[in-house]
Structures are given as C-alpha cells and as structure tokens.
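Given the structure of chain A, go ahead and fit chains B and C onto it with the hints provided.
Residue numbers (my numbering), protein chains in the order written: chain A, 1 to 520; chain B, 1001 to 1147; chain C, 2001 to 2351.
Each hint should be verified, as a subset may be incorrect.
DEER-style ranges, computed between Cβ atoms [claimed, not checked]:
id: 1; chain 1: B; residue 1: Ala-1062; chain 2: A; residue 2: Ala-376; range: 36 to 44 Å
id: 2; chain 1: A; residue 1: Ser-492; chain 2: C; residue 2: Ala-2231; range: 33 to 41 Å
id: 3; chain 1: C; residue 1: Ala-2295; chain 2: B; residue 2: Trp-1028; range: 37 to 45 Å
id: 4; chain 1: A; residue 1: Arg-495; chain 2: B; residue 2: Phe-1045; range: 21 to 29 Å
id: 5; chain 1: B; residue 1: Ser-1007; chain 2: A; residue 2: Val-479; range: 20 to 28 Å
id: 6; chain 1: C; residue 1: Glu-2310; chain 2: A; residue 2: Ser-202; range: 38 to 46 Å
id: 7; chain 1: B; residue 1: Ser-1007; chain 2: C; residue 2: Glu-2226; range: 36 to 44 Å
Computed list of lysine-lysine pairs in BS3-like fashion (alpha-carbon distance at most 30 Å, straight line) [claimed, not checked]:
id: 8; chain 1: A; residue 1: Lys-467; chain 2: B; residue 2: Lys-1050
id: 9; chain 1: B; residue 1: Lys-1041; chain 2: A; residue 2: Lys-491
id: 10; chain 1: A; residue 1: Lys-294; chain 2: A; residue 2: Lys-467
id: 11; chain 1: C; residue 1: Lys-2351; chain 2: C; residue 2: Lys-2318
id: 12; chain 1: C; residue 1: Lys-2230; chain 2: A; residue 2: Lys-467
id: 13; chain 1: B; residue 1: Lys-1041; chain 2: A; residue 2: Lys-429
id: 14; chain 1: C; residue 1: Lys-2290; chain 2: A; residue 2: Lys-185
id: 15; chain 1: C; residue 1: Lys-2351; chain 2: C; residue 2: Lys-2117
id: 16; chain 1: A; residue 1: Lys-133; chain 2: A; residue 2: Lys-294
id: 17; chain 1: C; residue 1: Lys-2351; chain 2: A; residue 2: Lys-133
id: 18; chain 1: C; residue 1: Lys-2290; chain 2: C; residue 2: Lys-2339
id: 19; chain 1: C; residue 1: Lys-2071; chain 2: C; residue 2: Lys-2351
id: 20; chain 1: B; residue 1: Lys-1041; chain 2: A; residue 2: Lys-497
id: 21; chain 1: A; residue 1: Lys-491; chain 2: B; residue 2: Lys-1117
id: 22; chain 1: A; residue 1: Lys-382; chain 2: B; residue 2: Lys-1041
id: 23; chain 1: A; residue 1: Lys-185; chain 2: C; residue 2: Lys-2318
id: 24; chain 1: C; residue 1: Lys-2117; chain 2: A; residue 2: Lys-185
Hint data in this document are derived by calculation from the structure and do not stem from the laboratory.
Where is the CB? At the ideal position from N, CA and C, for every residue including glycine.
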Amino acid sequence: MEFLSLLDITFFLLAGFGALVGIIFGAIPGMTATMAVAVCLPLTYALGLHHGLALLLGLYVGGISGGMVPAVLLNIPGTPSSITTTFDGYPMAQKGEGEKALKICVIASVVGGLISAAILFLFAPLLADFSIKFSYVEKFLIILLALSVIASLSSSMLIGIFSGVIGIWLSLIGDYSISDGGNGKTRLMFDFMEPYLFEGFSLLPVLIGVFGISTILLEAEKGAKSGLVNERIKISKGGGFSLSIFNGRLTNLVRSSFIGTFVGMLPGVGGSAASVLAYTQEKNLTRDSSQMGKGAPQGLIASESANNALTGGALIPLLSLGIPGDSTTAVLIGAFTLQGIQVGPLFIPENTETWYVMMTALVFANIVMFFLMFYAIKYIAKVVMVPKHILFPIIVMMCVVGAYAINYGIMFDVWTLLIFGILGYLVQKIGLEVAPLIIGFILGSQAEVYFVKSLESFGTFSIFFTKSPIAMVLWGLIVASVMFAIVMGFKSRARQKMELTQVTGSTRTASGKGHETDND
Amino acid sequence: MESGLSSLLSVSIDFETSHLFFPRIIHWIMAGLFVLILMTKVAPFMASVKRGERTLPIVGEARDNFRFIGTLVLIAAYFYFMAVVGDMFPYTGYGFLLVSMVFVLLMSLLYLHDWTKKALTIVVVNAIVAPSLAWFVLAKLFTITLP
Amino acid sequence: MRISNRLMTRVGSAALMAALSVSAGVAMAQDGPLRGNIRVVIGSTSTGGDTYQNSTIVVDQLAERLDLNMKVDAVGASSAFRTLDRDSRGNTLMIFHDQSYLGHLYGVEGYDDIFEKYTVGPTLAINPGNAYLVPKDSPYQTLDDIIAAVGNGETVRVAIQPGGVSEIGFSALKNAIAIEHPGQEDNLVAVNTGSQSDKNQQLFDGQADVINGTVQANEQYTRLPEDDQKAMRFVWLTARQDTIEQAPEEGLGQTSREQLLEYVEPNVHVTMGDDESFTFDKEFFFLYNKDMDPAIVEQIDEALTDIYAEGEIQETQKNAFFIPNFKPSDEASEYLADKMARYEEIISNIK
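Bound-form chain A, shown alone (with noise of 0.2 Å):
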C-alpha cells in the first residue's frame, strides 16, 4: 500500500474540482469533457503526474455527468453521450418533475460510473485481449444494433426508418477521411462548398443546432409567448423523488452500466453508441416500455448508467493496449507522454503505484460528483424559472461558444447550428422525425467505414454472419430488437385503433395503413 504516501490532501481537492470544472464545462451545451480535460491539460504539466491524472480524472467523470443538466432542463444533449437523456428527461421536465429526472439521473450515473471502475479495477488486462476479438466486422455489427433503436423508437416505423438513413447519408457528407484508411476524396457535395465541407459535418455542432437552435426557432413562431420556459413547472412539488423510484430498476441499472462499460472499452466505437445501445436493450428486455421517450425513469436510468459507465471502459483500453477508447481518453494520452510515460500492455505492470492513484482518482471523483450534483440540483433546475427573453439569447450565445470551441476553432462550426437548426425545424414540421435522424447521424460514418473496410478485406458479404461467434450472438441481438420491435408496433397500433373505434366506431384514419406499412 505505498501508493498511499503519493495521496495528499491537493491530491483530492484536485479531483474534487476537477469534478466540479467538469460538470459546469458538461452542462454547457457543446462543451464537453473531452474540452475540459484539453483545456487544462497543460496545468498536468506543472503538477507532476499524480495530481495531474488526479485534475483530468476529475474533468473527465464531471464532464461526462455534466450533460445531464441540458439534456433533462432544455432538451439539448450536454456531450453526444446524453442524446437518450433528453427522450425521456425533457418530457419530465415538461411535467414539471425536472428535478427529480435529475437526481435519477445522478444516482444512474455514480452506479454506472463506479460499477465500470471496478470492472475496470478487476478486470482491465482480461478485458482489454477480449476487445481486440472484436474486428471492422463485429464493431459493424455493434454499429447495427445500436442503430435497430431506430425501429422501436420511432411512433411510425416507416417514416422513423427513413429519418434515420436520413441521418446516415447527412454523415456521410465529406471527405471518405484518410485518417479511417479511406481514400481522402469527398462525395455527397458540389465542389464549391469543398472549403467548408472537406471534413463533414462535426457532430457536436449538429446536436446543439437540432436540438438547440431548432427549439427556440420553434419557441419564436409562437411568439415566445409565456414568460417563462414552461409555466407549468411547479418546483416547489420537490419533485416527488424517492429512491424507491428504483425498485425493480436493479437489472436495467446494472445491465446498462455493463452495457456502457463494454462500448466504452471498444476502441473506435464512439461514446455516444453506449447510451444509445443500453437505450435499446432497456425497451427491449423491459416488460413495460411503452412509456419510454415520454418520460419514464427507466430510460433515464438506462442512458446516464450506461453514459457514465464510459469512463471506466474507456480506460480499459487506454490502460492496457495503449489506445484510448473514446476522444477524452485521446487526449488523456497526452498527460502521460508530457510526463514520458508510456502507455501500453505493460503499464500496469510497470506502474502500478500511477495504477492504484488513478483508480483512487476514479472512484473518488466519482463520489465527489455526485454529492456535487444531488444537493445542487435543486437550484440547477431552477433555470427553467429563467424568463425565455433572458434565456433563449444565452443558449444561443453558449451553444456557439461550445460549437466554436470544438475543433478548436472553426468558424464554419458555428454555421453549422444555424443550418441544422433550421433543418431540424423543417424536419419536425414535415413529420419526420428528430431522434432516428440525429442517431443515424451519429452512428452512420462508423458504419460505412466498418461496413466497407471489412469488406474490402473480406471480399464477400457472407463475413457479416461467418467471421465469428460473436458476430453470431450479435445478429441474434439484431434480429431480437427488430422482431421486438415489429411486434410492439404491431401491438400498440393495435390498442390505438380499438381506442379509436371505442371513441369515433370509425377506423378510417391513417393508422390503419401504418398497420401495413409495419409489414415490410
């Protein structure tokens, strides 16, 4: 237990405000983890080592917790990862229960955040050789089956389908990048747009247009008309929060912090695949579902478990292969090269004492954010009280500081939330639908590259079911979430037309042919 003698009382402070640093950079929308932990990287550097890892740790578990507050409070995801947070935190918040989709929130989130540390703390060489089974083509395969979602979240199957490649086809504007091995050229763009466009759209930008932008234009043509965001809103209720909202919840808490664990510690998958992905399983597996996306605690549960879990499975690759997981663990890489430490299979053998700080580190931001967040939601939700005239000016003025600031510095960034802004107005308004189309989005440059590097290797489409066992247990996932949700569909379209035969004794309205269009 020498490790012990390197904790001093700066040792924790550090981690303490890291937490706290974090948390404010994760509830701006558009600023991220990954910036905070960027950001101060060059302080590491007169830290020394410990107290660095100690201050991005820190960063890292706030920014990530962070997110929740806009996703629940004003339907913009804080970081990619808390896009599921929104469907159903922002339908609480509506109903005035803001503060108590929060502090589910929060508890989700240390569960999921300390439940992954200790996988990672048990289990990070074993798990670090089974990530490596896991080629272009099961991470394909990964890709496919957080993107069934899409089937089951969608009210119209057809239409949510079609937002989705929507979305995928809005991803793969740009350049085929070379940095995936692809061949540099762009598509999808006439050549006039190339100096803006040689690199796609960047995510982050999308997210707080669509989600962001788009809601104040929709807000304007109302005529932004009560005072407040949402009158409705009755805080002083408490909000109602008890922990017995958890009864029942054990298997979904633990399942989706294994979920987000598991993505986070697969290189090359992104962060945000992990809350989409336990989304999924959680309206799979659950007997009761049909309240998700309209503001159920399950799927909070399910999101911000499996969002926080990331931190800990992201370091699993990290720490024993030497490549980061997700992008805040890219840049966590350079705190060890500044100091001329190495990270690969051999660091935790050879520097077990900088093991055992970080795993401290971890486990003891953890517990500082979520004492952070729990006592100071009451006042966070409070921002709903915020009048829209004050309001809605500063969340455009955050949202461009977040877009501008992501690739450090790019203006064409900030156009970015105006045009998706206006897009997701235009696409709310002709009935398409938002989250298919922002998760196609997410999702959808991963998957082509996945999708044509193991084919470019392979040669045969038949790789996709023979490469391995896990691919097989994988397209039985698939198939189980689409059969699941065919047959939900099948079943809820069912309850609304006896509704509407009770009501009107009439079944001539449209969900008699979305009844067909659900065969295909």
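Relative to the frame of chain A, chains B and C by itself:
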C-alpha cells in the same frame, strides 16, 4: 449452388472509388423508402389537404412571423459579424465579446413582451454581464480560442 | 493549501491580464513585427499526439522569448491550411510535418504544393519513431526476409494509413523490391487502414503480415512474451542512423538506443537504386502564409536561433523522444525541397 451463392455475395471494392460504395447503398435505400412513404403517407395526406381536412405544414400554419424571421435574421447576422469583428482583433475573442453583447440585447428585446423599466434594466445588464463572463472564463481563464 | 494559492494566483493574474489587455486594446507595445495574439494551427486534430506535443514545446518557448500570447490549436490539416490561407498578417502560423508535402505527392485531396503556396519556415525537431513491425512469431526475421519472400512471389500484406507518412516507407519498400526483383513488387500489398489501433488490430486478426507503427506506441508490445497474441517485433525503423544516434542512450521504455540502432540503416538496407539507402525522418516545421511580412519570418528565425543556442529546449525535446533539428527558414526550405524531390522519384517509380 454453394459456389453460386458465394459468388453472389462476393464483392471487390476498388480503393480509388471506395468513397462512393457506401453512399450508393444508402441512396438506393433512401429512394426505396421515399417511394414507399410517397405511396402510403404523402399521397393520402395530400388527398386530405385537397379535401380541406388538413393544412400543409409551414405554408398553411399561423406563425408569429415577426419573431420567427427576426430570430433567423438575428442569428445569421450574429454569426456573420462575429467573424468580421473578430477578424479585426485577431484571436482576442473581442469579436465574440462585442457582437454577443449586441446580439443578446437585441434578441432579449425581440422576445420581451412587456417593456417595463425593470425588465429593460435586467435585459441590458444581462446583455453586458453574460457575454463578459463567458468571454473572461473561457477565453482568458481557459485560453480557448474564440472568434 | 498549495493548490488554492496557485489557483488564486492564476485567477488573479488572469483577471489582471484581462484588465490590461482590455485597457490597452490590441495594440500592445511590442517591438517586433509580430503583434497581438498569435495562433499556431497544426495539421493534426489530436491534442495527445506528437505534432501537438512538439508544437507546444516550441511555441511556449517562443511565446516567452517574444513576449506574446501564442496558442496551439489542433484544427487538423484541411482546416489549418484554410485558416493559414486567409491570414497574411502573421497572426496565424502553422506547424506540420512531412505529411504536408507527402499528401500532395500522393495526390490526396486538399493538399497543395507547399513550396508554391506557402513560405516554408524553420524545421524544429524530428520524431524518429516511424517503424515497421511484424508479429513476434512471424516467419520473417528481418526486412531482408520480407524482401526476399516477396521476390519469390509470396504475398506480404502491410497495414498502413494511406496517403502520407505512414505510406512512404511502404512505397520505398515496394520500390526496392521493384529494383531487386523486377516484376514482383505487386506481391507487396497495402492494407489501407486508419489509426494505430486499427493497424494493430489488422495484425492481431491476421489480416496483415507487417504493420506501420511507431517506437513510442509499439515498444511495449515488443516486450510481451511470444505466446501473447499481441506480441510484436520491430523489423525496420525508417530514421537515419545519425538521427537515432542522437536519441538519449536509455532509448525509450526498456528498449535502449543500442537496440534501436539494429533496425536502422546500414543494418537494414532498403535500396533506392545505386548505393543509396532509403531513410525517412518525420520532421516538424513551420509553414507561413505566402504574403506574410518577411520581417516576421526573420523575427521567428532569430528568436528560435537564440532559444536553440541556450540549449534548454533540446533537453525538453529529447526527454519527449524528439530529436532537436533546428534549421532557419532558408536552409530548411532548401533541405525540405530536396527531401521532397527524393520521395517524388520513389512514388513515381512505383506508379
């Protein structure tokens, strides 16, 4: 049979044109779905529009045009002038700071329904304080590049 | 309470700085032609990578010497070039490496001839780590084995990232095979892939026989026991012998300089025809807007000359496994143009 199937499934991708392989597949899927939607959703919808049962989205809706168009114009002007002013003071973040103040002020006024003295004071103070705070913390404390 | 003091100092000094810079406006009293805030864009999007690390080392020293605010932004190649194109005032500078002209030689979209479109500034340092590796249990013991095997008609697959630094060694190898075993060079196949983790993965999956990697990222893999699926072995470092000779004696990790020298020329010989051996050093250098005031070029050259004369920066660079390699603009420009010409020949030979 076996070889027939495997040759059906086999594919060879030329690296030079590999950037078009996946988009092509997506185009076909998109086109297929679009036709399906046209037949099953849009056609019945248009029919009901013709019968006057429903209205077209966007075109046929009531809207607060002043605030809606105003928001769009303000945001576009905000983005444009931020870059222009920012270019005059390279990499200091002044472009963001100054233009944000104007933008926050104008947008607040656009959305403000009752122009009371108290509300106006809050609006003005907010327009000065919020951008300054953001600029100071981000550009100065964390040295994030701002326009 | 060390931290809170430090924090307070930081907050305090930032507040002071803010107050000062607001009151004094942008026209701070600086003597040289460089003024205001300077942004150094780099051709990589990673803040954990070698370009960022090396650029920060140099830019921090430069900022101190010139008494200016300078900041490194990892915007990536395409955005970096575009940002540089638009600013001829000298507020935007760029640091990148050999990829800047190799991308052009390989015909990658978005890369122009840097010698025509920009002013090439001073070189700063070398990353000597560009390496080729095989699995530890590979039948190929040396690079010669690989060349001979390909010459005998065996197919050898090499995982690389196309269109630049990662491909140049592969191209040279192919060129050498074309010279020694004419007509057999097409048996050396490129597996085009992305990041280091993708390249490693191709090796673990048995989809590649050789991968491009780096000493820094792969050294620990070479120390794994042979029965580990992840174990690898160096076969070739593309750096020049005298580059590696300047590395710290203890080398990197547990691999000493002595051991690294086994994998460079003349121990490993990749012919370029005649008696010449192919070598490749990944060098970092400044790029400037073509219309930028030449006085700024001079100012930076002078400042760097002073910094390198002091000798402190060399220590910092060597500690981070960079080989210091400062050449003032004129010299650097000529040197890099020569370098490009050599590689242009290789690439056109194997087309």
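Against the structure, the hints:
Between Ala-1062 of chain B and Ala-376 of chain A the beta carbon distance is about 41 Å. The supplied range of 36 to 44 Å therefore holds. Taking the beta carbon of each, Ser-492 of chain A and Ala-2231 of chain C are about 54 Å apart, not inside 33 to 41 Å as hinted. Take Ala-2295 of chain C and Trp-1028 of chain B: their Cβ atoms lie about 58 Å apart, and the range 37 to 45 Å is violated. In this structure the supplied range 21 to 29 Å holds for Arg-495 of chain A paired with Phe-1045 of chain B, their Cβ-Cβ distance being about 23 Å.
Checked against the hint of 20 to 28 Å, the C-beta distance between Ser-1007 of chain B and Val-479 of chain A comes to roughly 26 Å, which is consistent with it. Evaluation of the 38 to 46 Å hint for Glu-2310 of chain C and Ser-202 of chain A yields a pass: the beta carbon distance comes to about 41 Å. Range check, Ser-1007 of chain B to Glu-2226 of chain C: about 40 Å between beta-carbon atoms, so the 36 to 44 Å window is met. Under the criterion of a C-alpha separation no larger than 30 Å, the hint pairing Lys-467 of chain A with Lys-1050 of chain B is inconsistent with the structure, at around 54 Å.
At roughly 20 Å between alpha-carbon atoms, Lys-1041 of chain B and Lys-491 of chain A fall within 30 Å of each other, so this suggested pair holds. Between the alpha carbons of Lys-294 of chain A and Lys-467 of chain A the distance comes to roughly 39 Å, so the proposed pair goes past 30 Å and is violated. Taking the CA atoms of Lys-2351 of chain C and Lys-2318 of chain C, the gap is near 38 Å; set against the 30 Å cutoff, the hint is violated. With a CA separation close to 20 Å, the supplied pair Lys-2230 of chain C and Lys-467 of chain A stays within the 30 Å bound.
As the CA atoms of Lys-1041 of chain B and Lys-429 of chain A are separated by approximately 15 Å, the hinted pair is consistent with the 30 Å bound. Restraint check for Lys-2290 of chain C and Lys-185 of chain A: satisfied, since their Cα atoms lie roughly 26 Å apart, inside the 30 Å limit. Restraint check for Lys-2351 of chain C and Lys-2117 of chain C: satisfied, since their Cα atoms lie roughly 25 Å apart, inside the 30 Å limit. Between Lys-133 of chain A and Lys-294 of chain A the alpha-carbon distance is near 38 Å, which puts this suggested pair outside the 30 Å criterion.
Straight-line distance between C-alpha atoms of Lys-2351 of chain C and Lys-133 of chain A comes to about 36 Å, which puts the hinted pair past the 30 Å bound. Restraint check for Lys-2290 of chain C and Lys-2339 of chain C: the C-alpha separation of about 21 Å stays at or below 30 Å, so the hint holds. Between Lys-2071 of chain C and Lys-2351 of chain C the CA atoms are separated by roughly 41 Å; this puts the pair beyond 30 Å, and the hint is violated. Straight-line distance between C-alpha atoms of Lys-1041 of chain B and Lys-497 of chain A comes to about 17 Å, which keeps the hinted pair within the 30 Å bound.
A threshold of 30 Å between alpha carbons decides the hint, and for Lys-491 of chain A with Lys-1117 of chain B the separation of about 57 Å lies outside it, so the pair is violated. Straight-line distance between C-alpha atoms of Lys-382 of chain A and Lys-1041 of chain B comes to about 42 Å, which puts the hinted pair past the 30 Å bound. Among the hinted pairs, Lys-185 of chain A with Lys-2318 of chain C is inconsistent with the structure: their alpha-carbon atoms are about 37 Å apart, more than 30 Å. With a C-alpha separation of about 21 Å, the suggested pairing of Lys-2117 of chain C with Lys-185 of chain A holds against the 30 Å cut-off.
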